[in-house]
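Given chain A's structure and the hints, the job is docking chain B onto it.
Protein chains: 2
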Amino acid sequence: MGQDSFTPQKRPSIGGGLPTTINAAAGGGRARVLAGMPRGRQIHKTFNNIKITLLCGFVTILVLRGTIGVGNLGSSEAEAVNQNLIEETNRILAEIRSDSDPTDPDEPLETEINPNVTYTLGPKISDWDQQRKVWLSKNPEFPTFVNGKARILLVTGSPPSPCDNAIGDHYLLKAIKNKIDYCRLHGIEIVYNMAHLDRELAGYWAKLPLIRRLMLSHPEVEWIWWMDSDAFFTDMVFEIPLSKYDKYNLVVHGYPDLMFEQNSWIALNTGSFLFRNCQWSLDLLDAWAPMGPKGPIREEAGKILTANLKGRQAFEADDQSALIYLLLSQKETWMDKVFLENQYYLHGYWAGLVDRYEEMMEKYHPGLGDERWPFVTHFVGCKPCGSYGDYPVERCLRSMQRAFNFADNQVLKLYGFKHRGLLGPNIKRIRNETVTPLEIVDQLDIRRSVQWKTESWS
Amino acid sequence: MGQDSFTPQKRPSIGGGLPTTINAAAGGGRARVLAGMPRGRQIHKTFNNIKITLLCGFVTILVLRGTIGVGNLGSSEAEAVNQNLIEETNRILAEIRSDSDPTDPDEPLETEINPNVTYTLGPKISDWDQQRKVWLSKNPEFPTFVNGKARILLVTGSPPSPCDNAIGDHYLLKAIKNKIDYCRLHGIEIVYNMAHLDRELAGYWAKLPLIRRLMLSHPEVEWIWWMDSDAFFTDMVFEIPLSKYDKYNLVVHGYPDLMFEQNSWIALNTGSFLFRNCQWSLDLLDAWAPMGPKGPIREEAGKILTANLKGRQAFEADDQSALIYLLLSQKETWMDKVFLENQYYLHGYWAGLVDRYEEMMEKYHPGLGDERWPFVTHFVGCKPCGSYGDYPVERCLRSMQRAFNFADNQVLKLYGFKHRGLLGPNIKRIRNETVTPLEIVDQLDIRRSVQWKTESWS
Chain A
1 MGQDSFTPQK RPSIGGGLPT TINAAAGGGR ARVLAGMPRG RQIHKTFNNI
51 KITLLCGFVT ILVLRGTIGV GNLGSSEAEA VNQNLIEETN RILAEIRSDS
101 DPTDPDEPLE TEINPNVTYT LGPKISDWDQ QRKVWLSKNP EFPTFVNGKA
151 RILLVTGSPP SPCDNAIGDH YLLKAIKNKI DYCRLHGIEI VYNMAHLDRE
201 LAGYWAKLPL IRRLMLSHPE VEWIWWMDSD AFFTDMVFEI PLSKYDKYNL
251 VVHGYPDLMF EQNSWIALNT GSFLFRNCQW SLDLLDAWAP MGPKGPIREE
301 AGKILTANLK GRQAFEADDQ SALIYLLLSQ KETWMDKVFL ENQYYLHGYW
351 AGLVDRYEEM MEKYHPGLGD ERWPFVTHFV GCKPCGSYGD YPVERCLRSM
401 QRAFNFADNQ VLKLYGFKHR GLLGPNIKRI RNETVTPLEI VDQLDIRRSV
451 QWKTESWS
Chain B
1 MGQDSFTPQK RPSIGGGLPT TINAAAGGGR ARVLAGMPRG RQIHKTFNNI
51 KITLLCGFVT ILVLRGTIGV GNLGSSEAEA VNQNLIEETN RILAEIRSDS
101 DPTDPDEPLE TEINPNVTYT LGPKISDWDQ QRKVWLSKNP EFPTFVNGKA
151 RILLVTGSPP SPCDNAIGDH YLLKAIKNKI DYCRLHGIEI VYNMAHLDRE
201 LAGYWAKLPL IRRLMLSHPE VEWIWWMDSD AFFTDMVFEI PLSKYDKYNL
251 VVHGYPDLMF EQNSWIALNT GSFLFRNCQW SLDLLDAWAP MGPKGPIREE
301 AGKILTANLK GRQAFEADDQ SALIYLLLSQ KETWMDKVFL ENQYYLHGYW
351 AGLVDRYEEM MEKYHPGLGD ERWPFVTHFV GCKPCGSYGD YPVERCLRSM
401 QRAFNFADNQ VLKLYGFKHR GLLGPNIKRI RNETVTPLEI VDQLDIRRSV
451 QWKTESWS
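As they're listed, the protein sequences go chains A and B.
Position 73 of the first sequence, counting from 1, maps to 73 under the numbering used here, and the rest follow consecutively.
Position 413 of the second sequence, counting from 1, maps to 413 under the numbering used here, and the rest follow consecutively.
Isolated chain A, as found in the complex (with noise of 0.2 angstroms):
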């Protein structure tokens, strides 16, 4: 119980001589005392004796309760083991962390990273759509369409390690879960990244790594559509209009004057992007990648990119700034295949959207993907996973439960269920189950509904 977190500390000495008892200090004192003073000393003596007895028990306790703290006199059995729980995880998360094979040989050294060498994603590939057109037509059994649709890999991930914060973990769940939804009644793959591919492109950058990898490895994937681990799917019929993109390579959430008249450090948003499995694809990445290895390179590429985008704050190079300077200063070259999207919210940034779930419920419905009813709600800056977010935890925290209910009641819908709020778990039933539940299929199942589009537009 509280026994093994009671380890009392030595009491300070506060001066020898000092009676520690009532007894003490009256018998011992009070004989003295009456020997030979006035009655009045006597008192005076007594009463100075009683106080520093008091004082005395007082300083005591005190330095118990610097030491246990009184309320933990009476520690409850699941406190110890809490307690436990939390040094076992902790000292097996430490394990793992540290846990590398002894026998490799190739464990490698810390290397220094060479800033003239330039940095390469991989061997030069120069005739990628020849090889994946050869591939698929030897692969029928692959096709790159399904269903009349392009075929789509969403791609998203966290890192290998547990949060920072524990929340954290509990909302990448709940991330997802929400993802897993969007793309089952969509007919989208997903791979869900923990690795880490390159150590030189961690962190942000480590999306580029992953996304060639993926391309090389899936010719039958025509769309690899990066989403960032803290945006969430809130419209769940809406559904991406790929035959507006024929002309194009690359499909990113930004705005045309943001880029090229001011050259903002926002102009588009990499948390939420497509990209064609294709060799341009290959060629922009591997232009893109020079400014990510960490180290001084990332540092320098940083200082360039503040002095030349609008509003950038001085910190290392992120690969969203590095998108957009190579954007700016390769116009020519890249610009007539990137599509700056905003008719929609491939990336919604959520400060101007969460605090409006309740009224777009009221008005509008799902399908738009608009202002109206967001396609993605992103938490930019929220960092639920670490430590240091832009917004206060509270904010972000009842935010992002909020999106995963504004979400999940369109996914519930079906089921005939829906979130008794937008903030709590419980969920109420909304429509009484019949003998013939499949009337009910026929009216609300999203993916008829996505069919019947899908059909009457090829």
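With the Cβ distance kept under 8 angstroms, some of the chain A side facing chain B (calculated, not the full set):
(1) Pro162
(2) Leu172
(3) Lys177
(4) His196
(5) Leu197
(6) Tyr415
Non-contacting residues of chain B with respect to chain A, defined by C-beta distances greater than 12 angstroms in every case (computed):
(7) Lys244
(8) Asp257
(9) Asn263
(10) Ala301
(11) Ser329
(12) Lys331
Derived DSBU-like pairs: lysine-lysine, alpha-carbon spacing no greater than 30 angstroms straight-line:
(13) A:Lys149 - B:Lys133
(14) A:Lys51 - B:Lys45
(15) A:Lys383 - B:Lys428
(16) A:Lys337 - A:Lys310
(17) B:Lys247 - B:Lys138
(18) B:Lys149 - A:Lys133
(19) B:Lys247 - B:Lys337
(20) B:Lys294 - A:Lys413
(21) B:Lys133 - A:Lys413
(22) A:Lys428 - B:Lys294
(23) A:Lys133 - A:Lys247
(24) A:Lys428 - B:Lys383
(25) B:Lys244 - B:Lys138
(26) B:Lys244 - B:Lys337
(27) B:Lys383 - A:Lys383
(28) A:Lys138 - B:Lys413
(29) B:Lys138 - A:Lys149
(30) A:Lys244 - A:Lys331
(31) A:Lys247 - A:Lys138
(32) A:Lys51 - B:Lys51
(33) A:Lys294 - B:Lys428
(34) B:Lys138 - A:Lys413
(35) B:Lys149 - A:Lys138
(36) B:Lys310 - B:Lys294
(37) B:Lys413 - A:Lys294
(38) A:Lys247 - A:Lys124
(39) A:Lys124 - B:Lys428
(40) B:Lys413 - A:Lys124
For the record, the hints were derived by calculation from the structure and aren't laboratory data.
Where a beta carbon is used, it is the ideal one built from N, C-alpha and C, also for glycine.
Chain B only, in chain A's frame:
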């Protein structure tokens, strides 16, 4: 910094009249003393006053220490921020947990369960096979067979609130990533449930109303595969031999002798099983559910189960024991359609498997699914999300991490990587990249080996 966390308590009064500074004690006291006392008495009085002053100073320090702690006087900014973060997180979590819709007139009170009314999962449907058949014929765009394989829906989930043990959410995340990988490779859709569909059938019983609801909402799905959140796929190649079960409606890992000769409470395992989407399954769910409603019914049912099943401790009715009891007591009704599978590890009890992974990697290969390379490793009894598992936390976490890495290696192989060891997060390259990546895809893509098998058997 520390400012917001510092709230000095009102200092307890320690009696009136005691000087609190040396000057007041010495100065004021000394004047009075010196006036009319012998020198010895003066010294004694002065000494007393000094003692009291020192004591009071000491008391003051102790009070401060008990309130803010001496150690905190130099605490780092990070510690204060961390504490702040924890407090904010807890505050919003409490709010989220308690949230309910105040405008909802249907907000239920805690209802008493009437043991005289038999619980039902929903209105009795008697013609589900016919309803489904008609629907499928009218909706050819939602076939029940895709690419020669019957459509499977994998169902799993976890509670909507964060785990009691913070690390639990991290392993739920890893477990769903693991399932996403397997299901992507095998064309299986996933539903990740985080909602309590039925307050009476909570906990491990929650899978029953969920399975029923999904069957009735997804007529195109042929098999519903329930899988616990603490079960990991460890053979990424192995595929369930569905044709083996053409004449069966429930496939569950179990042992006939344990079942019928020993009536053992672990004769089968409901952590991973398949239900065919048909009338028979609806009927079985209806027969299974009555022991589930929480409260007196579940308690009493637990006693019956403990009395009748070998090895079962005394606790409330669980779904697994209840199913065993049902199949034993109504053997003729159900067993002709139940397949107790043990030729491969549809459920593989972790304790006998996780320490052999290195041996498996040395001697065998994926695709076997049995004790040589287990299909599923199931962490029964670990309960990483809760506080009270049946095994030491350290052992469980280490073992789950090993299972995760063991499985992840099979996925990373296509991309040219593997984990350095089975415990740590780091990966290493196992193959140099080339300019002809599709040669590797032809050799290594698991879906291609699965495709070949499907074609050769059809």
